[in-house]
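Peer 1: Using the numbering used here, read the sequence shown as starting at 1 and increasing by one per residue.
Do not take every clue at face value.
In silico DMTMM-like pairs for lysine to aspartate or glutamate, Cα to Cα no more than 25 Å straight-line [said to hold, decoys possible]: (1) 62 to 42; (2) 46 to 34; (3) 56 to 42; (4) 62 to 49; (5) 62 to 50; (6) 33 to 49.
Derived by calculation from the structure, the hints in this document are not laboratory data.
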Amino acid sequence: MDYISENIFYQTFSVFLTIGTFLSLFLPFTFRKELNNEKVNEISSKAIEDYIQNQKENERIKKGASL
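My request is simple: use the sequences and hints to build the entire structure.
Peer 2: Structure, rendered in structure tokens:
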């Protein structure tokens with residue numbers, strides 16, 4: 001049985017984990033991306049197209065299953 005005091009890897013890992021935890025508590029970071037109206041419209045139209053495509057595919061599968 002290896003003890004943590006005898007294993008450098010576990011000591012290093014626990015130190016980095018502790019430092020990372022303290023940094024995230026006091027210096028939280030987020031990824032922020034600005035969206036403009038054009039990008040929102042593009043994303044929403046793509047989502048609508050995907051939804052329509054999925055609905056058509058589901059109807060095709062239902063028709064095939066009912067035969």
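Peer 1: Checking one constraint from the list: CA of residue 46 to CA of residue 34, max 25 Å. Satisfied?
Peer 2: holds (19 Å)
Peer 1: For the pair we were handed, residue 62 and residue 49, check the Cα-Cα distance against 25 Å.
Peer 2: Distance ~20 Å between residue 62 and residue 49 Cα, so the pair holds.
Peer 1: Given the hinted pair residue 33 and residue 49, is their alpha-carbon gap at most 25 Å?
Peer 2: Measuring from Cα to Cα gives roughly 24 Å; hence the hint holds.
Peer 1: Is the straight-line distance between the alpha-carbon of residue 62 and that of residue 42 25 Å or less?
Peer 2: Violated, because 30 Å separates the two Cα atoms, which is more than 25 Å.
Peer 1: For the pair we were handed, residue 62 and residue 50, check the Cα-Cα distance against 25 Å.
Peer 2: holds (18 Å)
Peer 1: Would you check the hint for residue 56 and residue 42, treating anything up to 25 Å between C-alpha atoms as holding?
Peer 2: Holds: residue 56 and residue 42 sit about 21 Å apart, inside 25 Å.
Hint check: a violation occurs at hint 1 only; the rest are consistent with the structure.
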